Amino acid sequence: MTIDFGDIVSALVLTLELASVTTLVLLAIGTPLAWWLARSNTLASDIVATLVALPLVLPPTVLGFYLLIALGPAGLGSLVGVRSLAFSFEGLVAGSVVYSLPFVVQPIRNAFQAIGERPLEVAATLRASPLDRFFTVAVPLARNGFLTGAVLGFAHTVGEFGVVLMIGGNIPGETRVLSIAIFDYVEQLRFAEAHLVAGGMLIFSFLVILAMSRIGRRFGETLP
Amino acid sequence: MSGGVGNPADGDRDRRPGREGLDIALCGMRGSFWIEAAFSAPARGVTALFGPSGSGKTSILRAIAGLERLEGHVRAGETIWQDEGRFVATHRRAVGYVFQEASLFAHLGVEENLLYGARRSPGGVDAAMRREVADLLGLDHLKSRSVADLSGGERQRVAIGRAILSRPRVMLMDEPLSGLDNRAKGEILPFIERLAGALDLPILYVSHDIAEIERLADRIVLVEAGRVRASGPLNQALTDIGLGFVRHPHAASVLTARVTAFSPEDGLAELDLCGQSVFVDGSGPQEIGLERRLRIEASDVSLSRGPLAQSTILNTLRVEIVAIEPAGRANLAILLALEGTGDFTFMAKVTRRSAERLALCPGDRLFAQIKSVSLATSPVP
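As they're listed, the protein sequences go chains A and B. Residues in the first sequence are numbered from 16 upward in steps of one, following my numbering. Residues in the second sequence are numbered from 140 upward in steps of one, following my numbering.
The set of hints was computed from the structure by calculation and includes no laboratory data. A hint or two may mislead.
[Stated by the list, open to error] Pulled a few chain A residues facing chain B out of the computed Cβ check, cut under 7 Å:
1. Asp61
2. Ile62
3. Arg133
4. Val137
5. Ala139
6. Thr140
7. Ala143
8. Ser144
9. Pro155
10. Leu156
11. Arg191
[Unchecked claim] Simulated restraints on C-beta separations:
12. Asp147(A) - Pro388(B): 47 to 57 Å
13. Glu189(A) - Glu250(B): 26 to 36 Å
14. Ala350(B) - Asp61(A): 46 to 56 Å
15. Ala350(B) - Asp147(A): 50 to 60 Å
16. Asp147(A) - His212(B): 49 to 59 Å
17. Thr57(A) - Gly224(B): 22 to 32 Å
18. Glu250(B) - Phe80(A): 50 to 60 Å
19. His212(B) - Phe80(A): 58 to 68 Å
Model, not experiment: these values are computed from the prediction. Glycine residues also receive a C-beta, built at the ideal position from the N, C-alpha and C atoms.
Isolated chain A, as found in the complex (with noise of 0.2 Å):
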């Protein structure tokens, strides 16, 4: 049986465009989610952090199961004038921001929650305006929070099957991403394809738990 490696690199190459412009939406996006929850304490803060949290525990399917409604005629896909976002790469990078967003969220939150009040106030009284001290100090001195939940924003991109199959199916060159390859392989019992995708996965994986540790070493030592 041959390999029909253009197969794989299309897969590849969606997986990785999926993963990389799901990064950035989720960095955008939770970045002032991640500072607002960091400083506020309030039962809207709370509510809005658990809602952030339930992919954490919800079944990917369940997930799905919502994200394919909201995107579908009755949802989200006529607001923007489409018919439908579900299976269409823009629905696949929906469904991966909210199924990544605790992943993305929970590591910046915590880096500024670490950083404390007073370097805040010391630069508030060097003349820095609130705009100001966010950008030259609070995501400086949070950069090992915000490496720690792009690497993992964008692995666990990479890693989702669930909502995928549900809201994206598996359309080559459009929604058909690694996982979902790995899953038509097997079925169609191509194990060879299989073997070199599953183990480029799992070599990937690897790397980033590694890469993990790393930064949290590398970078905390500098950190006050």
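Starting from the known structure of chain A, fit chain B onto it as the hints suggest.
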């Protein structure tokens, strides 16, 4: 440091104390007690906020900086930072704030820390001013080092320099030495003394350590349980029997004297204290004409009806008793004025028995003896 460090706008204007200084009246609940503080600080010099830990000094300082919200008003020179309808955000108040712990930005180098505020101050900071601040605080050899490698005292010096370079109108210093050990304190105090002399702006200095205040302060605001109990010139407060400083075991008076002579043979400097001579250890800068701060500890002063002959005592001052107050069970505090002056007052602490033996009464003219070795002088900030 005219026109250099400090707000340039302060340079040429006439300096009526009320207009250019700091004036505050703040009140509000903080923790378990009510803060109610109103005082003003002159346009230059160190005003110490003194009181026990937890008396609300830090809250008052934070409220002046806008870091905490209390009711009332805050005015720096002619700029109103807070009144009934207005609350200017911290970053728009030109305050230099030195926190208890140095709080340098861990992600920036020493130089970048120093320039953080300078880059954000209107008009910026030129090389000459950077030079001046670096010299004043001895920062040059620190600039190449990493923030993490600095000692506690060095960090605090960088933090002070960083605050000055943001060109504040008011310096607020919240127990800047309290996180340091005694050696580091001893190292950094001379820097702060020089700074206080050089800065052309009001400095509010929070401390619960009277020794720091005797060295640095020109005026003192006594804070107790959130309220201002008294405020006034340093020595006036120290010698105010009602304020209780005299009950402190190391109660002292702080006077200013001028160096009139230095004898290289035996190392003594002669100081003029309102027409009378005082001899002190001449180590340290003792140029003729220089003003020095003279600390006289009350328990180092003895009194006699006549001048002592054949004694090791070098300093005999002609004094007049202003008041006699109890200071503990066995002791009395005697408030003395140098003969012919009303306001050059200092304290002596003697036993009741001695006072009865000499039948001391207010108005008596006496001789006060002070051992030269017990006198400490320091620069006038």
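A quick look at each hint next to the structure:
This hint is violated: Asp61(A) has a C-beta 25 Å from the nearest C-beta of chain B, more than the 7 Å allowed. Nearest Cβ of chain B to the Cβ of Ile62(A): about 27 Å, over the 7 Å cut. The hint is violated. With a cut of 7 Å, the hint placing Arg133(A) at the interface with chain B holds, because the nearest CB-to-CB distance is about 5 Å. Interface restraint check: Val137(A) against chain B, minimum CB-CB distance 5 Å, threshold 7 Å, status holds.
With its C-beta approaching chain B no nearer than about 4 Å, Ala139(A) sits inside the 7 Å limit, and its interface hint holds. The beta carbon of Thr140(A) comes within 4 Å of a beta carbon in chain B, closer than 7 Å, and the hint placing it at the interface holds. With a cut of 7 Å, the hint placing Ala143(A) at the interface with chain B holds, because the nearest CB-to-CB distance is about 6 Å. Taken as an interface hint, Ser144(A) checks out: its beta carbon lies about 5 Å from the nearest beta carbon of chain B, inside 7 Å.
Taking 7 Å as the C-beta contact cut-off toward chain B, the hint placing Pro155(A) at the interface holds, the least distance being around 4 Å. For Leu156(A), the interface hint holds, since its Cβ comes within 7 Å of a Cβ in chain B; the closest pair sits about 6 Å apart. Annotation: Arg191(A) was flagged as interfacial toward chain B, and the flag is violated, the nearest CB pair being 42 Å apart, outside 7 Å. The hinted range of 47 to 57 Å is satisfied by Asp147(A) and Pro388(B), whose Cβ atoms lie roughly 49 Å apart.
A hinted range of 26 to 36 Å is violated for the C-beta pair Glu189(A) and Glu250(B), which are about 52 Å apart. Separation of Ala350(B) from Asp61(A) is about 48 Å and conforms to the stated range, judged on CB atoms against 46 to 56 Å. Against the hinted window of 50 to 60 Å, the Cβ-Cβ separation of Ala350(B) and Asp147(A) comes to about 39 Å, which falls outside the hint. Checked against the hint of 49 to 59 Å, the pair Asp147(A) and His212(B) fails, with Cβ atoms roughly 27 Å apart.
For the pair Thr57(A) and Gly224(B), the beta carbons lie near 28 Å from each other, so the given range of 22 to 32 Å is met. For Glu250(B) and Phe80(A), the hinted distance range of 50 to 60 Å is satisfied, since their beta carbons lie about 57 Å from each other. The supplied range of 58 to 68 Å is met by His212(B) and Phe80(A), whose beta-carbon atoms lie about 60 Å from each other.
Hint violations for this structure: numbers 1, 2, 11, 13, 15 and 16, all remaining hints satisfied.
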